[in-house]
Amino acid sequence: MNSYQENKYRKAIKNYTEGSVSLGKASEIAGLPKRLFLYKLKEIGISLNLSERDFMKGMDTLTKARKIEELVAQRNSFNLIRRRLRA
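The opening position of the sequence shown corresponds to residue 907 in our numbering, with each subsequent residue numbered one higher.
Treat the hints with care, as some may be off.
[Said to hold, decoys possible] Think about it this way: if two alpha-carbon atoms lie no more than 27 angstroms apart in a straight line, the pair counts; the simulated DSS-like pairs of lysine-lysine are:
1. K940 <-> K917
2. K940 <-> K920
3. K931 <-> K970
Simulated from the structure, these hints should not be mistaken for laboratory data.
Let the hints inform the model, and build the full structure from the sequences given.
Take a look at the structure:
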């Protein structure tokens, strides 16, 4: 990391730990994808400080992912039944 990137990274960590920005905003400030920023925080011993909004957004994403998994499983079952009926 060059000094400019390092300064952005430090500013993002400072703002995040003070609670003045969300995790998403801090990762934007740092110029890192959210997952990488989370990994970097963990590396230096900073715990996750999710806002209620971020938590709910994550839960919504998980719910959507589960629904997609269920739809894929249903489609696969349907395709299997259809193939067996054709045979």
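Here's how the hints hold up against the structure:
1. K940 <-> K917: 15 angstroms, holds
2. K940 <-> K920: Given that 27 angstroms is the threshold and the Cα spacing comes to 16 angstroms, the pair holds.
3. K931 <-> K970: Between K931 and K970 the Cα gap is close to 23 angstroms, so the pair holds against 27 angstroms.
Violated hints for the displayed structure: none, as all numbered hints are satisfied.
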